[in-house]
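Can you make the complete structure from the sequences, with help from the hints?
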Amino acid sequence: MSMFTRIIVLISFSLILLVSTAIPQESIIVAKFGNQKITLDEFEYAYAKNVGGWDAAEQDSLQQYENFLNLYVKFRMKLRDAWVRGFDTEPALQDELNNYKKQIGKSYIIEKQIIQPGIEQLYNRRKEELRISHIMIKPIKGDDNATFEKAQAILDSIKNGASFEEMAKKYSDDKFSGP
Numbered sequence: 127m128s129m130f131t132r133i134i135v136l137i138s139f140s141l142i143l144l145v146s147t148a149i150p151q152e153s154i155i156v157a158k159f160g161n162q163k164i165t166l167d168e169f170e171y172a173y174a175k176n177v178g179g180w181d182a183a184e185q186d187s188l189q190q191y192e193n194f195l196n197l198y199v200k201f202r203m204k205l206r207d208a209w210v211r212g213f214d215t216e217p218a219l220q221d222e223l224n225n226y227k228k229q230i231g232k233s234y235i236i237e238k239q240i241i242q243p244g245i246e247q248l249y250n251r252r253k254e255e256l257r258i259s260h261i262m263i264k265p266i267k268g269d270d271n272a273t274f275e276k277a278q279a280i281l282d283s284i285k286n287g288a289s290f291e292e293m294a295k296k297y298s299d300d301k302f303s304g305p
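Going by the numbering used here, the first residue of the sequence shown is number 127, and it counts up by one from there.
Check before you lean on any hint, since a few could be wrong.
[As the list claims (entries may be wrong)] DSS-like cross-link-like pairs, simulated, lysine-lysine; straight-line CA separation at most 27 Å:
| hint | residue 1 | residue 2 |
| --- | --- | --- |
| 1 | K301 | K276 |
| 2 | K175 | K204 |
| 3 | K296 | K285 |
| 4 | K301 | K285 |
| 5 | K301 | K264 |
| 6 | K295 | K276 |
| 7 | K227 | K204 |
| 8 | K175 | K232 |
| 9 | K163 | K175 |
| 10 | K200 | K228 |
| 11 | K276 | K296 |
| 12 | K227 | K175 |
| 13 | K238 | K228 |
| 14 | K295 | K285 |
| 15 | K228 | K204 |
| 16 | K204 | K158 |
| 17 | K204 | K232 |
| 18 | K238 | K253 |
| 19 | K158 | K175 |
| 20 | K228 | K175 |
| 21 | K163 | K227 |
| 22 | K227 | K200 |
| 23 | K163 | K200 |
| 24 | K295 | K267 |
| 25 | K238 | K175 |
| 26 | K264 | K296 |
| 27 | K264 | K285 |
| 28 | K267 | K301 |
[Stated by the list, open to error] Label pairs and their calculated CB-CB ranges:
| hint | residue 1 | residue 2 | range |
| --- | --- | --- | --- |
| 29 | L248 | K163 | 39 to 45 Å |
| 30 | Y191 | Q162 | 16 to 22 Å |
| 31 | E254 | T165 | 40 to 46 Å |
| 32 | G231 | E168 | 19 to 25 Å |
| 33 | T273 | L248 | 38 to 44 Å |
| 34 | S153 | K253 | 38 to 44 Å |
| 35 | F302 | Q190 | 51 to 57 Å |
| 36 | T273 | A182 | 51 to 57 Å |
| 37 | K163 | Q190 | 21 to 27 Å |
| 38 | E291 | D181 | 36 to 42 Å |
Keep in mind the hints are simulated off the structure, nothing from the lab. Quantities reported herein were computed from a predicted structural model and do not represent experimental measurements. No residue lacks a Cβ here, since even glycine has one placed at the ideal position from N, Cα and C.
What follows is the structure, encoded as structure tokens:
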């Protein structure tokens with residue numbers, strides 16, 4: 127194959143690739159009413175936003191998605207109906223909507239900036255929490271070996287099935303932090 131032919135093939139392949147990626151991919155339509163369409167991307171975004179994020183949405187069942195789709199379609203139909211009737215320009219409704227936005231905004235900010243971080247911090251602390259117990263043995267003056275043997279005997283008893291709590295009550299010299 128000549129160099130000219132290779133260049134033509136390469137340019138042709140590049141143009142085909144460019145044209146195929148330039149054609150917009152049609153979004154999947156999950157619901158349609160009148161001239162309104164709800165695409166899969168829009169639905170997934172609304173669902174994830176409603177359930178608290180993509181991670182939560184991935185855990186839900188098909189039935190939960192179907193239920194939300196029915197509610198979402200009804201919601202969108204009501205919005206369309208309100209717009210057709212001119213409710214979007216009615217001052218009393220505008221004031222009511224603005225009040226709802228303020229209320230929802232406050233609760234959203236409290237939830238996202240105060241409550242949720244606090245819960246996450248508590249959860250992260252809880253993951254690393256350890257429960258530690260000890261049996262304190264005072265050293266016997268001048269006889270380190272006797273202290274070691276006493277500790278070893280207690281440890282052996284626990285390994286052989288004796289209750290740690292009972293051994294702590296019986297042998298621990300630390301009476302303040304006992305069980």
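The hints, checked one at a time:
1. K301 - K276: 18 Å, holds
2. K175 - K204: OK: K175 and K204 at ~20 Å, within 27 Å.
3. K296 - K285: 16 Å, holds
4. K301 - K285: The hint holds at about 23 Å.
5. K301 - K264: 12 Å, holds
6. K295 - K276: 15 Å, holds
7. K227 - K204: 18 Å, holds
8. K175 - K232: 17 Å, holds
9. K163 - K175: 19 Å, holds
10. K200 - K228: 24 Å, holds
11. K276 - K296: Holds, at about 12 Å.
12. K227 - K175: 16 Å, holds
13. K238 - K228: Roughly 15 Å between the alpha carbons, so the hint for K238 and K228 holds.
14. K295 - K285: Status holds; Cα separation ~17 Å.
15. K228 - K204: The given pair, whose Cα atoms are some 22 Å apart, holds under the 27 Å limit.
16. K204 - K158: Distance ~14 Å between K204 and K158 Cα, so the pair holds.
17. K204 - K232: Holds, at about 25 Å.
18. K238 - K253: This hinted pair holds, its Cα atoms lying about 22 Å apart.
19. K158 - K175: 21 Å, holds
20. K228 - K175: This hinted pair holds, its Cα atoms lying about 19 Å apart.
21. K163 - K227: 26 Å, holds
22. K227 - K200: 21 Å, holds
23. K163 - K200: 13 Å, holds
24. K295 - K267: 23 Å, holds
25. K238 - K175: 13 Å, holds
26. K264 - K296: 14 Å, holds
27. K264 - K285: 21 Å, holds
28. K267 - K301: Given that 27 Å is the threshold and the Cα spacing comes to 20 Å, the pair holds.
29. L248 - K163: 39 to 45 Å: Once the Cβ atoms are compared, 43 Å apart, the range 39 to 45 Å for K163 and L248 holds.
30. Y191 - Q162: 16 to 22 Å: With a Cβ separation near 20 Å, Y191 and Q162 satisfy 16 to 22 Å, so the hint holds.
31. E254 - T165: 40 to 46 Å: 43 Å, holds
32. G231 - E168: 19 to 25 Å: 23 Å, holds
33. T273 - L248: 38 to 44 Å: About 41 Å separates the Cβ atoms of T273 and L248, which means 38 to 44 Å holds.
34. S153 - K253: 38 to 44 Å: Given range 38 to 44 Å: holds, Cβ gap about 41 Å.
35. F302 - Q190: 51 to 57 Å: 53 Å Cβ-Cβ, so the 51 to 57 Å window holds.
36. T273 - A182: 51 to 57 Å: Once the Cβ atoms are compared, 56 Å apart, the range 51 to 57 Å for A182 and T273 holds.
37. K163 - Q190: 21 to 27 Å: 22 Å, holds
38. E291 - D181: 36 to 42 Å: Once the Cβ atoms are compared, 41 Å apart, the range 36 to 42 Å for D181 and E291 holds.
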